[in-house]
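Got two chains here, separate frames each, mind docking them using the hints?
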Amino acid sequence: MKRLRSLLLFFLPFVVFTYGSFIVFQAACDRAMSVQAEKLLPFNHKSHVTKYDASDCELCHGYYDNGRFKGLPTVGDCKMCHDGNTAKEKAFFKGFKDTDKPWTSWVKQPDLVYFSHMAVMKNTKTARCASCHGDKANSMTTAKIKGKMPMGRCMDCHTSLKISNACTVCHD
Amino acid sequence: MSGHAAPKKKVSDMKRLWGMSIDLDKCTGCGACQVACSQENNMPIFDDDSDLPKRVVFLDLMKVTNENDKDAKFGEVKVAYLPKMCMQCAGNDPENPHPPCVSVCPVVATDVGDDGVVSQIWSRCIGCRYCQASCPYEARVFHWWKPRYEGSFQEGLNPDVSVSSRGAVVKCTFCSHIWKRERDRMIAKGITDINAVQYTPACVSSCPTGAMKFGDLKDPQSPVYEEKLRRDPRAVRLVHSIDALRDTNPAEYERRMKIKDFPNPKVWYLTSNEWLREKLSGFKKS
Ligand code: SF4
Ligand code: SF4
Chain A
1 MKRLRSLLLF
11 FLPFVVFTYG
21 SFIVFQAACD
31 RAMSVQAEKL
41 LPFNHKSHVT
51 KYDASDCELC
61 HGYYDNGRFK
71 GLPTVGDCKM
81 CHDGNTAKEK
91 AFFKGFKDTD
101 KPWTSWVKQP
111 DLVYFSHMAV
121 MKNTKTARCA
131 SCHGDKANSM
141 TTAKIKGKMP
151 MGRCMDCHTS
161 LKISNACTVC
171 HD
Chain B
1 MSGHAAPKKK
11 VSDMKRLWGM
21 SIDLDKCTGC
31 GACQVACSQE
41 NNMPIFDDDS
51 DLPKRVVFLD
61 LMKVTNENDK
71 DAKFGEVKVA
81 YLPKMCMQCA
91 GNDPENPHPP
101 CVSVCPVVAT
111 DVGDDGVVSQ
121 IWSRCIGCRY
131 CQASCPYEAR
141 VFHWWKPRYE
151 GSFQEGLNPD
161 VSVSSRGAVV
171 KCTFCSHIWK
181 RERDRMIAKG
191 ITDINAVQYT
201 PACVSSCPTG
211 AMKFGDLKDP
221 QSPVYEEKLR
231 RDPRAVRLVH
241 SIDALRDTNP
251 AEYERRMKIK
261 DFPNPKVWYL
271 TSNEWLREKL
281 SGFKKS
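Quick note, the sequences are listed as chains A and B, same order. Following the numbering used here, the numbering of the first sequence begins with 1 at its first residue and continues without gaps. Following the numbering used here, the numbering of the second sequence begins with 1 at its first residue and continues without gaps.
The set of hints was computed from the structure by calculation and includes no laboratory data. Just so you know, even glycine gets a beta-carbon here, dropped at the ideal spot from N, CA and C. Please note that a few of the clues may not be correct.
Distance condition first, Cα-Cα at most 30 Å in a straight line; then the derived DSBU-like pairs of lysine-lysine [unchecked claim]:
| id | chain 1 | residue 1 | chain 2 | residue 2 |
| --- | --- | --- | --- | --- |
| 1 | B | 189 | A | 122 |
| 2 | B | 15 | A | 122 |
| 3 | B | 218 | A | 125 |
| 4 | A | 125 | B | 15 |
| 5 | A | 122 | B | 260 |
| 6 | B | 189 | A | 108 |
| 7 | B | 10 | A | 162 |
| 8 | A | 108 | A | 125 |
| 9 | B | 73 | A | 108 |
| 10 | A | 90 | A | 46 |
| 11 | A | 51 | A | 70 |
| 12 | B | 63 | B | 73 |
| 13 | A | 136 | B | 189 |
| 14 | B | 218 | B | 258 |
| 15 | B | 9 | A | 162 |
| 16 | B | 228 | B | 78 |
| 17 | A | 122 | B | 9 |
| 18 | A | 125 | B | 9 |
| 19 | A | 70 | B | 213 |
| 20 | B | 26 | B | 213 |
| 21 | A | 162 | B | 78 |
| 22 | A | 97 | A | 125 |
| 23 | A | 97 | A | 46 |
| 24 | A | 125 | B | 189 |
| 25 | B | 260 | B | 228 |
| 26 | B | 10 | A | 122 |
| 27 | A | 125 | B | 63 |
| 28 | A | 70 | A | 2 |
| 29 | B | 189 | A | 79 |
| 30 | B | 15 | A | 162 |
| 31 | B | 146 | A | 148 |
| 32 | A | 162 | B | 218 |
| 33 | A | 144 | A | 90 |
| 34 | A | 108 | A | 94 |
| 35 | B | 63 | B | 258 |
| 36 | B | 10 | B | 146 |
Here are the in silico distance ranges between beta carbons for each label pair [stated by the list, open to error]:
| id | chain 1 | residue 1 | chain 2 | residue 2 | range |
| --- | --- | --- | --- | --- | --- |
| 37 | B | 191 | A | 95 | 40 to 48 Å |
| 38 | A | 131 | B | 28 | 47 to 55 Å |
| 39 | A | 32 | B | 74 | 57 to 65 Å |
| 40 | A | 153 | B | 47 | 40 to 48 Å |
Bound-form chain B, shown alone (with noise of 0.2 Å):
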């Protein structure tokens, strides 16, 4: 990080560290995540959303298959749906965590909050896109043109979120604005420890079979309790290879550890699918 003066946040000085888990085998494709994300975020419609560098989301709900598409057979074709948004990544640095997308920003548009989560402040950003080019996930979206909202869509745009200009980039803050929300509500009850405050992402809340979940990465009391994740063999990061290595080669993997920055992603998926595991996680078993 350059030119940033503030003291170092450590990983265990966060009182809470916020994550997602997404069950795969229970997400069934109907994309409410993707269109609730747009609606809280005030994402920008245009009349074209297969124009992938003109569109702007958050939240991709992606379609995997186990075989391109056109040489498969009948019958073999196996389908699963990614909703992937910002992963939230921490670095292998507990100490000082850096995301990628962090550690090259050049005017501190992008960092890491108190609670783990990887703030985009569209107002500070030059338009740069070195953040864009250095996420693993593509997380990040580039305003092309400057966001423009049909009709009476305009009135219902979300108060909460500042809609950005032309030439920022933008990209999923685990809805951190819900979170201020949630903080207010409290302290108008009277309970003003901040560290107290619950809260779900749009996405989490209009998903209809609960195959997304969110929660405090480091309280056992969570459904995304991190160190049960970490033994949960269905969990898997998405293009996080090094994960493999840590139960079947300790060694090598403190190794790899040392000697290169991982994103650590704060966004976990769980399947049972063979196919799919191998396929998310970049790792396949010979």
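Chain A on its own, in the form it takes in the complex (with noise of 0.2 Å):
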């Protein structure tokens, strides 16, 4: 009885350490990833897709035409379909401006990663946004449908199409 416990005294130090560690570093991967994004605006992909017929996801987040991904569309980007007559919509545009950052996003990549939605997406092997996003095409709130997106997912892709997986295909 002593035996173990002098034992469960001896370990204890090294399991709080490591299990504190964890904790640490979760947290430090939750926020480079942005697991926990601010959505602001209870937004309908569904009802955007079958109502406004916008099937082609690249006519709210498109490109630049230097190839940079624009990523969560503007205020600007909204009023290019709604004209803001009625009185919801009044009151949204109202309330926001671009600046305000109405949301943030469920998928952000960390400073050390160069993603290019370009590269991936319009190449000669491309892959399709649900494959990383999940089908938020058909998605009806703002939860998040898939959660981070880890460096091994990305290695998984490259190395079944045969794509290379050196450093510097995503680092810098």
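Structural data, given as structure tokens:
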């Protein structure tokens, strides 16, 4: 009995330390990858796809001329279709400016990743939006569909499609 | 290389082999390349840049003189300026390119890329600094301190290059983020062949005298075609004395290439000054 207790006492600091560092690393990783995104608007992808016929994701999540991905649309992009005449829209456009950053993304990559949507989506071997983001087009809330995007998942696709896995392909 | 399951990269399989040539006779030592490099790659600013271990630069503009400054008489001192960055060594085995730094890294934080550029991924680096000790050109720098940027400099950081944390080694990667930027631009134009991408690193595009040239060592059209550089009597590679044997004593050259690893750098210096060539190559004609 005594032996067991001393053994437990001996290992306790290690266990506590390992658990503690796990929590710290997990939190750091979550923060870098935006696991807690802010979604202040109840956005409905599905209704936009069906009602406004925005079946092409690029209508709102497009590219700049130099190949950069635009990411989340701006309020100006919303105004392409919404003229802001109904009471609800009026309230929305009054309440939000682009500088207010109404929402953040679930899928931020840390700074050390040079992820290029252009290279992944428009190349000879292409991915689909849903391969990484989940079925966003049919989602009705802003809830997270797929979690973090760890490097292993990128590597799996690259390996199976025989795309280079060299470090500089994605890191800088 | 340890614990590295990726297929071996052969030099012959590389569609592109980026390299550089620097004409030291044209170089005026203005330092534009160093400034451009530091700006492009988010080099931190420290109060005192003469504090060598603290200083972090990828491209070092070195001053080379023919004599010891103190002993030389007036009129006899010759000066040249030498922009020195990572030479993107290939090692002397084309079947298995292994620069000195890549062969010692225990965690594959540095590796040979698909176009021969030696990558450095600071987030993977554990800070053992083996690579720094193994690099014959002192091209690697260690972050002893957290990178700091004064005042509004922070807002001007390049978003394509991540800022390293303390305790990691960083180095020049021939501005590989510019390659990626150019690749994206090409794909946006509908050209999906990534081997068609051409780019210019920050130092080369900033050089006002055109001393620095950048291109594909394998491409006969490029200004740095390797075959041509090898035959150029003005060309010299930094501390690579084995090059001198290639023409004078091919048998001995072959023998030494087999028994010893040479860095085989991809940066060539061009100069007609004999004293400078001797100094750079580490080989003195007796
Ligand atoms: S310091 Fe970093 S990059 Fe260099 S050998 Fe060690 S782990 Fe590898
Ligand atoms: S110059 Fe140094 S850091 Fe660059 S590839 Fe050669 S050994 Fe590695």
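Which hints, by number, does the structure contradict?
5, 9, 19, 21, 22, 27, 28, 35, 36
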